[in-house]
Each structure stands twice: as C-alpha cells, then as structure tokens.
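A.B. asks: The listed protein sequences derive, respectively, from chains U and Z.
Read in order, the letters of the first sequence are residues 1 to 217 in UniProt numbering.
Read in order, the letters of the second sequence are residues 1 to 410 in UniProt numbering.
Don't take each hint at face value.
Taking CB as the label site, the calculated pair distances span [unchecked claim]:
id, chain 1, residue 1, chain 2, residue 2, range
1, U, THR167, Z, PRO340, 32 to 42 Å
2, Z, GLY166, U, ILE59, 30 to 40 Å
3, Z, GLU320, U, HIS183, 36 to 46 Å
4, U, GLU216, Z, GLU320, 53 to 63 Å
5, Z, SER331, U, GLU141, 38 to 48 Å
6, Z, SER217, U, GLU216, 24 to 34 Å
7, Z, GLY407, U, PRO129, 24 to 34 Å
8, Z, LEU206, U, THR167, 34 to 44 Å
For the record, the hints were derived by calculation from the structure and aren't laboratory data.
Every residue, glycine too, gets a C-beta built ideally from N, C-alpha and C.
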Amino acid sequence: MEVQLQLSVRRSAAAASRTCQSCTSLILPRTATHQQIRHQATSSRHKRALRVPPHPSFIASDSAPKTDHIIFNPPSSEPSIFSTPFKFLPKNDPRRRANLPALFSSLSVAPATNKLPPLLPFLPTEAQPKVHHLKPEDITEMRRLRAEDPVANSVIALSNKFGCSKTFVMMCCHAPKEHQEQHRERLAAVRERWGPKRTKAREDRVRRKDMLLRGEL
Amino acid sequence: MKRIRPAPQELCLSQRRPQSTFAQPSDPIAGEEVPESQPTEPVDPTEDMSRFPPLDPTTKKSARYPSPLPERALKSAKLAALRARLALSEKIPLQTLARALVDSTADKNKQFNNTNLAFLGHTLINYHVSEYLMVRYPRLPMAIMYSAVAAYAGPDALHTVARQWGIEAAAVPGGEVDPGLLQFSTDKTPTVPTTFGSRRAEADYLDKFNWRRGINSRVVLDDDFGNVVQSPSHSDDAAARSADNNAALRPYGTPETRKIAETAYANAVRAVAGAVYAHRGREAVKAFVKAHILSRQLDLSRLFAFKMPTRELSNLCAREEFEKPVARLLSETGRRSRTPVFVVGIYSGSDKLGEGAGPNLDAARWKAAMNALKAWYLYSPGEDVRVPSDMLVEDARPWEPAHIDIGEVI
C-alpha cells in the first residue's frame, strides 16, 4: 500500500515536472502528451474511392490506330460568335454555296428523327400555345375597372379575371397617380426595413444583370 | 510677308528659319496667315550653357526659336533611331520627322509645327480604318462602328502607338532641346484635327442637361468618332485651369494636362503617317497604317451592350423572315444546388442561332440571345476581303462589290 502510494506520488511529481518543463521552456521541443489513435481506415477514402475510370471519350476505340497518336478531346466550351450560323449568312456568301449539300441533308432529315432539345418550361409550347383572345373592348373594360378601383382591381385580380399575364395588364393600363404614389411609398417602407445583407443582395442582382447585358459575365 | 526657302549656303547665317517641309500658306487648317514667330528675347535658355556646353554647336542659335531648327534634325540620334525603328524609308527626310514631333502648342507657326501633317495623317488613318471595318464587318451598328474606329484611330489608341514607338516628350519645348523629342506645352489649347462635322447649336448644354444625342444626328453633325465638335473657346478654360496647377504638387498632371499630352502624342503619330504619304505616296501609307494601326488587336464582341436582347432578336428574325426564335434547354447541371449551370440555345426552326450558359434559365436565355445577335452583327465575308483602296494599284483584279447590309435592327 505504501509502495503504491509512493509510486503514485513519484509519478505525479514526474508528470508535474514534465508539464512544468513543457510550459516554461520555449526552446526545447514540445513533446506530445497525447498520442493520435486512428479509429477508421482511410485507405479506401484516399485510394480506392478516387480510382475513377477514365471518361469514355478518352478510351481508344477499336477503330483508333494501335500506334502512338494524339487524342483531341477539348473541354466543352461556348461556341465562338465569330462563326456565323448558316441562317445568318447573306444570300451571296460563298460559304452558303459551299454548304449546299449539308443544307440539303439537314432539310431531308425528318423532324421525328431530328429531335430538338426541349423548350424552356415557362415558354409557350405547341401543346400550350400563346393565345391572343382579348378584344379591344376587353382592354377598354380592363382600363375602366383599373381606373375605378385600383385596390380591388389589382393587377393580379385583373390578370386572373381576363386570363392574361400580369405583364400584359401592366402594358394595357396604368393605375391613377395617387394609387401609384401610395404603392411607391409602401414599397419604400418595405425597403426601409431591409437589413444590409438583403439590400446588398438586391443591389448586386441589378448589377449582375447590367453586367450580363454588357457581356461581362 | 512672303517667305522663301533660303539657299543652302545661307542656312546657318539666315535670321529667318528655313522650313522643314513646304506648306501652302493657304491650307485649309491655317485659315489666316500666322505671323513669323520672332525669337524671344526676355528668357534666354542658353545662359547656363557655359557650364554645360552643348554637344551641338547649333544649339545656341536654335535656342532663340520656339522649336529646334530643322538643320539640327540631321544630328539627332533619337530621330535617326526613330526612323530606323519604324523602318521608314530614307526618302522621308529627318527634318520632316522632326517637324512631325513639334506640336502646335509648342510652336504656333503652322509652317514649323505638325498641324498640316497631322491633318493629312488623320484623314488617311481614318479612311483606311473605316474602309477596313466597313468591308470586313459590314453589319456593325453605327454606335459600334464609331467606337471601333475610335479604338483603332482615336487619340487614346494613337497615344499608345506613339508610346510604343518610343517617342519621348521634352519637359519643356524650346529650340535648344533635342529634335527627337516630342514637343508640346500643357498650358496652351491643342489643335485637334477635325475633318468632319459641324458644331451643334446646343453643344454647350449637352453635358449640362444631359441631353440625348441620337445616332442619326451624330452621323450628320458630329466628328469622325461620333463626338461633339467643340468650339475652340470651350477648351480655353480647361487649358487655363491646367496652367494654374502646380507641376511640383501634381507630378502626373491633371486630367486636362494629360488630355493635352495625349492629343500631342496622337498628333505626332498622325503627322508621321502624313509624312509617309507626302514623301512615299499612297501605297506606302496604306502599308504603314496596316502595320502600325490595323494590326492592333481589338475584340469587337466586347463593344456590344444590349437592353432587350430577346426582343431585338425576335425583331431581327421577323425582319429577315426567319422562323420565330425559341429558347431550348440544351443541358443543365446542379439545378437544386447553389451554383447551377443551364445551357440554353436559341433556335429558329431547326437551326441553332446562339448558345449561352448562365446560373439561371433567364440569364442563359439572355446570353444566348446576345450571342445570336453578336453573331449576326459580327458577320464577316472573310479575313482576306478586298477593300476599295486595293483597286488603286495598277493591274488590279476587277472589283467584286462588297456586301452592304440593310442596316441594324431597330
């Protein structure tokens, strides 16, 4: 019992001297008191999972020459605007004449086999074409309603009533001046409540659109 | 006063300055006869010459004139080096090259400064650049055409050309400085060669009230680069303001002085082109413009900016009787991620007109429409297309008419 006590005292004294030495001395290298223990094998993560097969375009086909050769496989990139589309060539351009067979072959391809990519979802399709069902009298009615009571006949209400887009309603009619003023004030009040992050995000969105239209993005 | 060329033997004795190149007294720029610039008495820059004697003995006599005497050009190493660097012919005398480096702000006598040569060079450079752009890119809208001409032949571009040629400016112009240095002074109003355009009645109010200048009125009224023709008095106050600035406090000058320096450098390049034409002729100046100005790279596609590209493209397709343009989704990745990419193509019928990638469907569609419009406007008949001035040589092939477009989409 006594021996054990002595041992423990000696150990704690040694530990104290070690820690003391490690914390006071700036010159001697620090010794790691805790050893790292690996609980998980990482070879799979570092080696096996990263062993990705090459892209099919890099695998030499059977028709490729057996000797050394160059694989030309450029990364996908935007087509150059300096190569004019065939449709944009003027009638007297020599490239149009040179490309005649290609033109005929593309014309001869049936639309079923020549499958075009899908349309953007929000654009009118063949199944849901753009309808121009509103008559001039409808638009006069729409203007009258909007001028009478711009609150009840809001843009959304009118677009639902007449079955057209909100943009079309806004193209057709203007609200009275005082209603526009009220609306502007309401928007300004909403903007007042925005914090710095939201304000900056909105400003950046406008700036990004301007840059896009200038071709800088 | 009638001025004559002095005989060679009295070159060093004559009190009157001999001319470097012959200039008509009634040239279109000169307007009125300029009086002979008299030697200036009050300030004698040759006072310190006993301490630092000049290498060239003619310096002392030349120092009494506002610009170096033409005979000193033969002894200038800088001028000879410049002529060799530009690979100019021996037929272009060094005296003419020296005259091309004297700006109108340094010596107001039009028979000794480069005004006439710069006017000639300005006309020639603009002619060759406009002709090249018109034939090479026949569908350029007028606004883009103006910026493209300015990007090739405008003062900024020619200033850069002069810097690249290694033309250096004298700190202060004077008769005693090396004739191989560009001489201009920043406290006077520079002469900008203007071949075309007339002054608008409302020119003073354009900037003040931010009035709009339509492209049609620009074509009729404004100068070669579509800028407003300003009256000479307009820039007087600018020059006066620049004179007030302390040079020691502003080592890089003010915007006004930098503009004057830029004009002087540009005029030097124009004057060299004019000198090439005067001494070597039409073909030489064409080769000179091609080598030094048209060889500079300009990415025309970056000059475009659109407001409503999709609408403009629909107008174009309606005008040209193509099928209505529709946007189709070619490929996409990461639709639900933070950074999605959509690739959208604009199709007219089964033909793809343009393609664009963007972080959302609308941006990609706008970009595709912009690319389609750029592809329309930047149509080119080819790189080796002939320009009308090619017909001026002997035994030229018969002219095939260049493609002329019906105009931009409105």
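A.B. asks: Could you run down the list of hints and mark each one as holding or not?
C.D. replies: Status of the hints after comparison with the structure:
Range check, THR167(U) to PRO340(Z): Cβ separation about 25 Å, and the 32 to 42 Å hint is violated. At roughly 55 Å, the beta-carbon separation of GLY166(Z) and ILE59(U) lies outside the given 30 to 40 Å, and the hint is violated. Our hint of 36 to 46 Å for GLU320(Z) and HIS183(U) holds, since their Cβ atoms are close to 41 Å apart. The supplied range of 53 to 63 Å is broken by GLU216(U) and GLU320(Z), whose beta-carbon atoms lie about 28 Å from each other.
Roughly 45 Å separates the CB atoms of SER331(Z) and GLU141(U), a value that falls within the hinted 38 to 48 Å. Here the CB-CB span from SER217(Z) to GLU216(U) is close to 29 Å, well matched to the stated 24 to 34 Å. Taking 24 to 34 Å as the suggested C-beta distance range, the pair GLY407(Z) and PRO129(U) conforms, at roughly 32 Å. The beta-carbon spacing between LEU206(Z) and THR167(U), approximately 35 Å, falls within the hinted interval of 34 to 44 Å.
Violated hints, listed in ascending order, are 1, 2, 4; each of the other numbered hints is respected by the structure.
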